[in-house]
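Position chain F against the provided structure of chain Z, taking the given hints into account.
Residue numbers (the numbering used here), protein chains in the order written: chain Z, 1 to 263; chain F, 1001 to 1285.
Misleading hints may appear alongside valid ones.
Covered stretches of chain F, going by a simulated chain Z footprint (3 or more residues, C-beta under 8 Å) [unchecked claim]:
{"id": "1", "segment": "1040-1053"}
{"id": "2", "segment": "1060-1067"}
{"id": "3", "segment": "1210-1218"}
{"id": "4", "segment": "1228-1235"}
Distance ranges between label pairs, derived from CB positions [to be verified]:
{"id": "5", "chain 1": "Z", "residue 1": "Asp88", "chain 2": "F", "residue 2": "Trp1030", "range": "53 to 61 Å"}
{"id": "6", "chain 1": "Z", "residue 1": "Pro180", "chain 2": "F", "residue 2": "Leu1141", "range": "42 to 50 Å"}
{"id": "7", "chain 1": "Z", "residue 1": "Ser176", "chain 2": "F", "residue 2": "Ile1254", "range": "48 to 56 Å"}
{"id": "8", "chain 1": "Z", "residue 1": "Asn28", "chain 2": "F", "residue 2": "Met1251", "range": "18 to 26 Å"}
{"id": "9", "chain 1": "Z", "residue 1": "Leu33", "chain 2": "F", "residue 2": "Ile1254", "range": "24 to 32 Å"}
{"id": "10", "chain 1": "Z", "residue 1": "Ser38", "chain 2": "F", "residue 2": "Thr1074", "range": "29 to 37 Å"}
{"id": "11", "chain 1": "F", "residue 1": "Ser1162", "chain 2": "Z", "residue 2": "Leu33", "range": "46 to 54 Å"}
{"id": "12", "chain 1": "F", "residue 1": "Tyr1193", "chain 2": "Z", "residue 2": "Asn28", "range": "32 to 40 Å"}
{"id": "13", "chain 1": "Z", "residue 1": "Ser38", "chain 2": "F", "residue 2": "Leu1141", "range": "24 to 32 Å"}
{"id": "14", "chain 1": "F", "residue 1": "Trp1030", "chain 2": "Z", "residue 2": "Pro207", "range": "55 to 63 Å"}
{"id": "15", "chain 1": "F", "residue 1": "Ala1033", "chain 2": "Z", "residue 2": "Glu89", "range": "51 to 59 Å"}
{"id": "16", "chain 1": "Z", "residue 1": "Ala122", "chain 2": "F", "residue 2": "Ile1055", "range": "37 to 45 Å"}
{"id": "17", "chain 1": "Z", "residue 1": "Thr175", "chain 2": "F", "residue 2": "Thr1074", "range": "25 to 33 Å"}
{"id": "18", "chain 1": "F", "residue 1": "Asp1173", "chain 2": "Z", "residue 2": "Phe68", "range": "46 to 54 Å"}
Hints listed in this document are in silico derivations from the structure and should not be mistaken for laboratory results. From the three backbone atoms N, C-alpha and C, an ideal C-beta is built for every residue, glycine too.
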Amino acid sequence: MKSSLITRRSLLRTGLMGAASVSLAGCNQFDSLLDQDSMVRRAVASMNALTYRAQRLLIAHDRLAPEFTSADIRQAQHPNGSTDPDTDEYQAVKADNFSSYRLSVSGLVDTPLTLSLGDLQALPSRTQITRHDCVEGWSTIAKWKGVPLRAVLEKAGVKTNGRYILFRCFDALTTSLSGPDLYYETIDMVDAFHPQTILAYEMNDKPLPIENGAPLRVRIERQLGYKMAKYIKSIEVVTGFETVNGGNGGYWEDRGYDWYAGI
Amino acid sequence: MVAQESLGSPKKPRSRLIIRQHLATRITHWVWAICLFFLLLSGLQIFNAHPGLYIGKEAGFTYSNDVFTIGSDTSGDPPKGVTTILGHAFDTTGILGISGSGDDVVDAAFPPALTIPSHQDLATGRVVHFFFAWILVATLLTWLVLSLRNRHLKKDILLKGSDITGLPADIADHARFRFHHTTRYSPLQKIAYAGVLFVLFPLIILTGFSMSPGIDSALPWLLDIFGGRQTARTIHFITMSLLVLFFIIHMAMILAAGPINELRSIITGRYRIQASKNGSHRDEK
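Here chain F stands alone, though its shape is the one from the complex:
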């Protein structure tokens, strides 16, 4: 019988399978993935109800304090989609502001393919958004407790001194697409995950809280920290963009580092590492 751990040559093991991810890590990971998918697309639906972002306590109607808007110019034919960032206007016809073509031209900030529901429906967007927001927050708290208990937090997420000293080499390796398959996360991995879990998640949750008029009465200092409800809304949107950026890099890294091995570890928990005494040898790649 062949032991599961030694699937390589029995004489000279070149690699072996280890249990990389706890069940708790895998379940919370996929719950977040589902939550973020729905939160993003319902969030864009909500944004479409008033496609402008501002700095300050209120939205300027008779003065200008916007930093980002998506609109349309229907004076000409065909209509044009116009996106402004910090006062600079860009023609985004086909993607933002105006999408589709011919008889199916849609006058919406984010196009139907990026919103839930696909048509304009703020009420349903909100219902979906808050449903998954509750689950995201509950899962984050659950993850925090479980990861303290099973040491995932200490072992994989929190940065140690050796992570700081190892950072330059890790950056150099990533730049050369050289990935190490070991029992530990690399410094850049730790920074990325810690950044999502301890910076972006709290930031997007707290700016979300500060848009609730109920919570504003309980925690008025939240608004002072963020600089007003409309600034909080802008930060909420920027944080969303950073999470999307993380997702893109996350997917690229999975592809670059070996999708089968990476996906297996987050689904079954099993991860193939390069066998060695100190566990730091490089993969064949």
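Looking at chain Z on its own, in the form it has when it is part of the complex:
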């Protein structure tokens, strides 16, 4: 009888060694599968589209995020990400206390706009006390006052093929070969026209602090903090965002985070 290469004992030994090496090495077994560019990660991440569709289908588009009372404001809004952008452009508008700041509204609109902080403050405003949920897991409650994005978009007139709003910002958290990676974000028209989506210029009854995004930041109350771009320089109405920077619709989205952050 030929001697078998695989005996029961050797099989058992190999199996045990295999099991032990998996448990010793821990979870780095999955690291390469989950690399940013891997097929597996792409497939797993595509579940975010299902979350987006399910929430858009099941949740009324004008349904409000919970609002709180002034008694719930117990601390200053915790700043995260950029807290004082060092780009020349920002330092220039900051130097004159944002009097030279102009918000540009362009793209697929009937009338492109250039709005000063005074222009924005002259438009109807909305004040809301809401909870800010960071993707990291923490939450803080603050009072925000600003102009509904809807009012600005209606003033400019959105063309029928406009599908997303692209916010371009003054700040950059990182720098690459082509220069600073300026923060940007995109949202759909449901969130753009949501009653609580405001371009905030006041926080807790004071002008928006530098560290929280002065002169203008957006509040998108049914999504996480990273969607709520700070230091907004311009608003563009676009049909898609595939050609913008990394093509994923936002600074953090280009770094692996889900585009839809309602979860």
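Structure of chain F alone, referenced to chain Z:
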């Protein structure tokens, strides 16, 4: 030919194989096992992004409402891992806060061996977490429908009057490591499974829902029930811990009650029971 059911002595059958678990029960069981594995380890990855748990609507930065934190004290050399529970600090160097040694010291709340991916990567942790969360919920709903239809729910999970009256004896038997291999689940088994399926699963799913700002707009009362988003996050974590505790007991019981028989029943469906008229005789063990 020998019938599959009578593998014991044909004259005096001492035990026989029955079909204990339906295919639906076995498939959903293993889908959950895989889901919970990935949900746990990706969940710990997410926790590591902000390793603190609080009571209330928000996380206190300028006031203190934390009940559990994992951090590190890097002022000394070597650095120390510090875990606080309800204000009491514990040195957890090597396991929580600071793990590894020498050049491989890792400054993370849960160590690399317990997170997916092993390095700090919140984005990927979330992607993995929500992928398996969808599957867990879909499987739970599927299981509920199938188990109503094939009577698994009524027969094996829901407690009957006889389960309540039989509970003291069952506790006494478990305490003595005496396990009955019958066609039915014992009262403690039923309580454990019903607790996981009808208390822990709904609780972990609903607290998960209440951390979604989108779902909060649709179901704001969820947050009122749980006492705020940060309390919901804390309950989510506690429920996870209870599921881990269930898993440990589940594994211990399989080992104690006979791993071959128990594993066979959840893989092939076949389970060896002690043959008798009323099906309640004890196994040789």
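Hint check results:
no. : hint                                : in the structure
1   : 1040-1053                           : holds (count 6)
2   : 1060-1067                           : holds (count 4)
3   : 1210-1218                           : holds (count 8)
4   : 1228-1235                           : holds (count 3)
5   : Asp88/Z with Trp1030/F: 53 to 61 Å  : holds (59 Å)
6   : Pro180/Z with Leu1141/F: 42 to 50 Å : holds (47 Å)
7   : Ser176/Z with Ile1254/F: 48 to 56 Å : holds (53 Å)
8   : Asn28/Z with Met1251/F: 18 to 26 Å  : holds (24 Å)
9   : Leu33/Z with Ile1254/F: 24 to 32 Å  : holds (29 Å)
10  : Ser38/Z with Thr1074/F: 29 to 37 Å  : holds (33 Å)
11  : Ser1162/F with Leu33/Z: 46 to 54 Å  : holds (48 Å)
12  : Tyr1193/F with Asn28/Z: 32 to 40 Å  : holds (33 Å)
13  : Ser38/Z with Leu1141/F: 24 to 32 Å  : holds (30 Å)
14  : Trp1030/F with Pro207/Z: 55 to 63 Å : holds (57 Å)
15  : Ala1033/F with Glu89/Z: 51 to 59 Å  : holds (54 Å)
16  : Ala122/Z with Ile1055/F: 37 to 45 Å : holds (43 Å)
17  : Thr175/Z with Thr1074/F: 25 to 33 Å : holds (27 Å)
18  : Asp1173/F with Phe68/Z: 46 to 54 Å  : holds (53 Å)
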